[in-house]
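Residue numbers (the working numbering), protein chains in the order written: chain A, 3 to 390; chain B, 3 to 390; chain C, 3 to 390; chain D, 3 to 390.
Note that these hints are calculated values from the structure, not bench results. Hints may be right or wrong, so weigh each one.
The list treats identical chains as one, so a pair stands whether inside a single copy or across any two.
Here are the simulated EDC-like cross-link-like pairs (lysine to aspartate or glutamate), alpha carbons at most 20 Å apart as the crow flies [unchecked claim]:
1. 33 x 102
2. 206 x 236
3. 33 x 384
4. 210 x 280
5. 104 x 333
6. 104 x 330
7. 104 x 38
8. 210 x 84
There are 4 protein chains.
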Amino acid sequence: MTDLSAVRAALKSQRIETPSWAYGNSGTRFKVFRQEGVPRDPYEKLDDAAQVHAATGVAPVVALHIPWDRVDDYAALRAYAEDRGLTLGAINSNVFQDDDYKLGSVTNPDPAVRRKALGHLLDCVDIMDATGSRDLKLWFSDGTNYPGQDDIAARQDRLAEALEAVYRRLGDDQRMLLEYKLFEPAFYTTDVPDWGTSYAHCLKLGPKAQVVVDTGHHAPGTNIEFIVAFLLREAKLGGFDFNSRFYADDDLMVGAADPFQLFRIMHEVVRGGGLRPETGVAFMLDQCHNIEAKIPAIIRSVMNVQEATAKALLVDADALAAAQSAGDVLEANAVLMDAYNTDVRPLLASVREELGLHPDPMAAYRASGWQQQITTGRVGGEQAGWGA
Amino acid sequence: MTDLSAVRAALKSQRIETPSWAYGNSGTRFKVFRQEGVPRDPYEKLDDAAQVHAATGVAPVVALHIPWDRVDDYAALRAYAEDRGLTLGAINSNVFQDDDYKLGSVTNPDPAVRRKALGHLLDCVDIMDATGSRDLKLWFSDGTNYPGQDDIAARQDRLAEALEAVYRRLGDDQRMLLEYKLFEPAFYTTDVPDWGTSYAHCLKLGPKAQVVVDTGHHAPGTNIEFIVAFLLREAKLGGFDFNSRFYADDDLMVGAADPFQLFRIMHEVVRGGGLRPETGVAFMLDQCHNIEAKIPAIIRSVMNVQEATAKALLVDADALAAAQSAGDVLEANAVLMDAYNTDVRPLLASVREELGLHPDPMAAYRASGWQQQITTGRVGGEQAGWGA
Amino acid sequence: MTDLSAVRAALKSQRIETPSWAYGNSGTRFKVFRQEGVPRDPYEKLDDAAQVHAATGVAPVVALHIPWDRVDDYAALRAYAEDRGLTLGAINSNVFQDDDYKLGSVTNPDPAVRRKALGHLLDCVDIMDATGSRDLKLWFSDGTNYPGQDDIAARQDRLAEALEAVYRRLGDDQRMLLEYKLFEPAFYTTDVPDWGTSYAHCLKLGPKAQVVVDTGHHAPGTNIEFIVAFLLREAKLGGFDFNSRFYADDDLMVGAADPFQLFRIMHEVVRGGGLRPETGVAFMLDQCHNIEAKIPAIIRSVMNVQEATAKALLVDADALAAAQSAGDVLEANAVLMDAYNTDVRPLLASVREELGLHPDPMAAYRASGWQQQITTGRVGGEQAGWGA
Amino acid sequence: MTDLSAVRAALKSQRIETPSWAYGNSGTRFKVFRQEGVPRDPYEKLDDAAQVHAATGVAPVVALHIPWDRVDDYAALRAYAEDRGLTLGAINSNVFQDDDYKLGSVTNPDPAVRRKALGHLLDCVDIMDATGSRDLKLWFSDGTNYPGQDDIAARQDRLAEALEAVYRRLGDDQRMLLEYKLFEPAFYTTDVPDWGTSYAHCLKLGPKAQVVVDTGHHAPGTNIEFIVAFLLREAKLGGFDFNSRFYADDDLMVGAADPFQLFRIMHEVVRGGGLRPETGVAFMLDQCHNIEAKIPAIIRSVMNVQEATAKALLVDADALAAAQSAGDVLEANAVLMDAYNTDVRPLLASVREELGLHPDPMAAYRASGWQQQITTGRVGGEQAGWGA
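For reference, chain A alone in the conformation it holds in the complex (with noise of 0.2 Å):
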């Protein structure tokens, strides 16, 4: 039987943390469509995920990137968080957007450009120092787009010395995590391609060095939950960047592909401990919004992990655990679909108003008032976005 209590518990302390980026602009290479209200800079992006989490309650942790929320002076930028109950997350480095970038960044042929490259990764370090994030996640374009353009291993070698160089100067409570992609923007090779690279080099950096896992970021057929679960069991998962998607890196409200895969990775995440903080999986979104409204899909999208947190704890492990050591194979999925195919909407309401939230996010964002005060506010001025 399901401990009630100890759901809700795990329901009231999980946080997810949302991207600075998910509330500028985005679009693919072939339109980036603008919206009304956008944030201008960083400190409007912390206004509205203020509102995320004002509706969610769940939400107080907000990913910055580095350039496109480059400030002065990060700890004012962090002050400001606090005064509005958020705390600043993971920086994400960039390394793709200058022109010297165009071969690669780490893993560059040339040494000047990889030299650069360092350095930014070396500053987000500072950056870190001073907004007080624990994570510094690096994710790498560095590929190939042609069969000989340059030499595979050669650029494994390059990435090592880079992410040694950096795993250096981590802080005692800092960590590195390192993310993977099957492709895009390279497309014949990537550097860091899939979990096992990642894992390879995190295994020899040492225990600050961790995998994070992209749910759009896979070949077509592969098995998240089964990396979660196999880097669960090594203490090697460091996070999640959450996103749906139905081709490659679609980069979707997490949930609304495929619902009972979220499902399946969370059944894992719990069964493999990873909701106690203490083992530091950090819950994050990682989403474009090119053509929904932004603060209403960031607040769907806590809900949907809200969701298949609230089955994945649903589901009855001793039966399941009987099932399985029995070898009854439809017992066993029955067990676990049972819980997927419980309607937990009026559960996480309930949680909400324990919090003493409005149980309904989508509704307390809209009673808010918020959308229309950011869209005849917010005039003038550069739209946040990809570029800037």
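Assemble chains B, C and D onto chain A, guided by the hints.
Just chains B, C and D, lined up with the frame of chain A:
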């Protein structure tokens, strides 16, 4: 036995159409890297295309993209092209870059947007009249990102209505080529996602509507040469948008990712009579040279198509048919592979010399001094790209 | 607002066809695991199917596979079925298991093999006359393993010729359902690889030829509900072969791998009118229960189809249409998800009770004692499987 | 400049291991087509393998599969092989064909089944002692078909325990090669689904455990040569199971589906030193000749590996390195393609002649009369296949 003089004749008469936009800048959603010497307007694009034709002798046709190649006087543009030994090819419509098109163009739920999109398509036919172009190439980015976002069947109704209106506007010698694409920029549904959808619409429209096969627009594992063979058998293959891909719509140089697939495609083209000019199959490139030098990349791409064509022409059709009808699997495969494994570069070099060309187009281009000329000459102004 | 009495009525009238072969043994190329109590002949398969219908109330139709279900007297088999409240459904032809079919059946380069295959197909129509079956389901394993092995276009000619001959033989109330499949057992080309190919042939044949969608027969990333919507709009959707898959044609229980996809498919069915009996859409299962108990797995599968159907029926069509035409992406998605997230098990339980059934079909079956009866009773003899 | 004498020497010293089971019958779950002249026992398989070696000169090693190649006296089998100029290669264990293994072998929830499976693996090492085999090749079909069916992490624990026990049993000159596979026959999870999982286990086990790369065992879009380069850099590449595929684990002749991929793989092998015998990289075939004649198919496969190797050896390493470090994308790609586009068949013919062989192995085999001899001679008895 293969008739080598017929092979040479076929190679001399093949025409490969290059796209104006490949001479401009392009990139991914992450970054567009600028290159030196990139053209600033359609005239300079034609100058570059003339270099490709000068080096290869088989690329006299240049496709335009509206509005990226919008000019005040299309007759003047046509004359400019003809002065350089070029003709203007397919007019590519663009109904994806205005803010109005966020939720679709001809399939948009808003009738005003649909009217605007249709107006653009009809304008493109006007332009065809002026440029003497035979083909209107229609690619629709229309689709949805989220389940439920719009009504799939209703969007087909809207699509059919727009296609019908454009079809009626076509002149006697004009065609409509309907492209399909699995995904991107739409991530849940695409309104023309596969050849079957395009074929079904073209069938209803009539003989001037044909399917265009972009080699990068299929689901993983799709057998493209089957589609080519099927459409040729149905007289519904209008042409190709050639490029190559490892993952999604990577738009790499054709032949760079899977030269054997390109050969198999050309084998079906030859088998189905598609090389004969009267079948009207257009051999177009549609590529993005994000990190490599553009003009040389296009020359290489033209050469890759030629090499695949040459190998396909070398297939011993009688021996192949004999092995096939005998059910000799290994021998039939060996006949095909024998052609594929042949190094056709000497053959193509001699064909070029017979045409009065340098045997090596890459060397010819290097020797021309054009690259230095544009690098130093094209300073200032706005480089051409997808945005304009 | 959704009309709940209409939902209940629709759920009561839906009919799900179970396949005779799912009651027998099946497996992979690596191993067929035998299970206790498996039927030894078509009569015992019908006995098992009767149990599924007894437990669910919506599965009175049983599809046959010839020659696996070959009997001397089909009228007697029909009477046997009717005595148990069953009717005989689609006749599934088999032209892939004789040694002659190594290189294909109706598309074989050898005309003698083609004649033999066509003869079998015509025999199947004779059987339909005797069993009262409406549908001839045609799946061809025909294809090639190696490039060059056979002529792709010529095989289409042969296929068209065979289909035409079968079509002419059909009675007024008989249909031909043409299945497509991406690959397996052929590994290079398949002669009917996608819906477009099936559709094109059916269109030429006439109204009695329709496409059947096997949910496991697509390339990765294919949007199946788009195909369903498209075919319904064209009145060319003959029915489904339901199953589920994570990778290829896994033939798992329908709804087990991606229940959200199944819901989306059923949403398009409801939207396109496909639930109305007069449209003739057949809801068939085509599954392999390699490791799980077969009868309970089929009951579970029937329930999964019912649950997806119930959720699809609960979609608030008016609210959805309003949000769609307003271009409100998030709201439209939310309307759809609201139905999906509903726990429809209580609704289905009450529908079953109204039909005089046990609210829980799995419990009903367990309580029936049938599994013990067949386990102890069916000893000796040759268990049914794909081979016979 | 490439040193042609070194190329010739490398081609002469390469050894390609053929699998005993490829000489027997195989098929798909739909049908196993029998062929004339197929061996009835391991001795006859060795006779056939001797023909492959006679024709090619580079295939003196034959892998065995236990229990398919079970004999009473392995020393006698070894002597039989050596009399024919052959040696016995990798011992392939089989823990997937007993009824006990329905829910797994070493990862089965039932400890008794796990003990049985481990016993078989240890028996295989005993056989290695007798046959003089260096390599134990471990492929586990273990996995689950349905979410919830078993505990993913617990299965990893069980797997690790079994591997550890086998590892301890290995002799000083013996290795354990751990294969991975995305799916099939398990359809939801596979316990060793990717190279990362295999690598992680091998790393913990020690230097005698290495990863084996089956070229058909990856998710769509996986860059196999990246994995090869990565594992070589880590000294963890034990060898290859070569075959080719268009879709899943098609097990077609290596080089038949994507010869350019095979070349890229061999380029990484050459680049990483994997052709040097001391690195121990085993070049094994693992194929199914379902519809084509088996011995000629294996000869062709050996030739395909040789041709890819020859092309890889012809890559001008200095020119490549220069272009790569200059960041000249097109030139680096051109250097690689220049080698690929070379017709290496004349080079290989002359290498064969220097070895005293017929320049064309296919012609040599046809001329040998062996096929007629086995067709007429091998009558009666039970043809070898996967079942026995």
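Now for the hints, and whether the structure bears them out:
no.	hint	verdict
1	33 x 102	between (24 Å within a copy, 11 Å between copies)
2	206 x 236	both (13 Å within a copy, 12 Å between copies)
3	33 x 384	both (17 Å within a copy, 18 Å between copies)
4	210 x 280	within (14 Å within a copy, 36 Å between copies)
5	104 x 333	between (53 Å within a copy, 16 Å between copies)
6	104 x 330	between (54 Å within a copy, 12 Å between copies)
7	104 x 38	between (32 Å within a copy, 13 Å between copies)
8	210 x 84	neither (26 Å within a copy, 54 Å between copies)
Comparing the model with each numbered hint stated earlier shows that hint 8 is the single one that does not hold.
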